[in-house]
Each structure stands twice: as C-alpha cells, then as structure tokens.
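K.L.:
Take the sequences, apply the hints, and build the full model.
Under my numbering, the sequence shown has 57 at position 57, and the numbering climbs by one with no breaks.
None of these hints come from the bench; they were simulated from the model. Wrong hints could be hidden among the right ones.
Listed below are the simulated SDA-like cross-link pairs for lysine to any residue, each with C-alpha atoms no more than 20 Å apart in a straight line [said to hold, decoys possible]:
#1 K81 x M92
#2 K35 x V8
#3 K35 x F86
#4 K35 x D46
#5 K114 x V8
#6 K35 x E51
Everything numeric in this text was worked out from a predicted model, so none of it was measured.
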Amino acid sequence: MIWVYFIVIYSLPLAGFFWLWQTINLLYVVFFPSKLINGYFSYKPDIVEIEILYRRSWIYWRNCLRYLFNIERPTMPWYAKINTIFCALGVMLGLWGGGITFLDEYLNLISLDKWMDILSANGLL
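P.N.:
So, in structure tokens, the structure goes:
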C-alpha cells in the first residue's frame, strides 16, 4: 500500500507541470490562430465555431488526445508533435491531479497529508 501512496504523492508535481504547460498553450490557442485547431487535423471547424472560445478549447483538447491515442496522426513539425503530446498529457494528468485533490479536500475519502506522513516515516519523502 505504501507504493500506492508513493505513486500518488510523487505524481502530483508532474501533473501540475503538464497541466501548466497545457494551460499556457491553451491560452495561446484561444487568443491566436493555431494549426492544432484548423490546420493539422482532419476536422476543420467553421469560422463561427473557431470564434467561440468555449468550443475552441474543446477542439484543441480533443485533437491533442486524438494524437496521443493514435486516432489521428497528421504530419506536423517535430516541435508541434512534442507540444501536442505534452498538452495531451497535461489534459490527462490535470484531470488526475484534480480528481485526487477533489477526493482529498471535498469528499475526505483520502488524506494526502496522512500519506505524506507515512512516506516520511519510511524515509521515502
């Protein structure tokens, strides 16, 4: 059980990093034209859908996840591939971190502080 505590506690900073990466890129995509929305992938939204910020972020997230899960692999430069993979990991790990935090703070089903104390007592933190 201690390994579950170890994996959960040490995954949270990684989840935070990728979520921050994805959020910064999402803001860039929302306010500037992006090929992740209307260039690389087969789904080409119309101009009205692109202008709605709510729809634009969902198209971006969906395209990043489609690339990560090999549903669609359009040709793109190497830096765009890395960025797309990092953003897809940001979406998934951000949901993981948010779920763990929700279980800790609001539902009180787990206690991250208690888990950190257990890891500290065993010399793993």
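K.L.:
Now tell me, hint by hint, if it's right for this structure.
P.N.:
Hint check results:
1. K81 x M92: holds, 17 Å
2. K35 x V8: violated, 35 Å
3. K35 x F86: Holds, at roughly 16 Å.
4. K35 x D46: holds, 14 Å
5. K114 x V8: holds, 12 Å
6. K35 x E51: Since the Cα atoms of K35 and E51 sit roughly 14 Å apart, the hinted pair holds (cutoff 20 Å).
Comparing the model with each earlier hint shows a violation of hint 2 alone; every other hint is respected.
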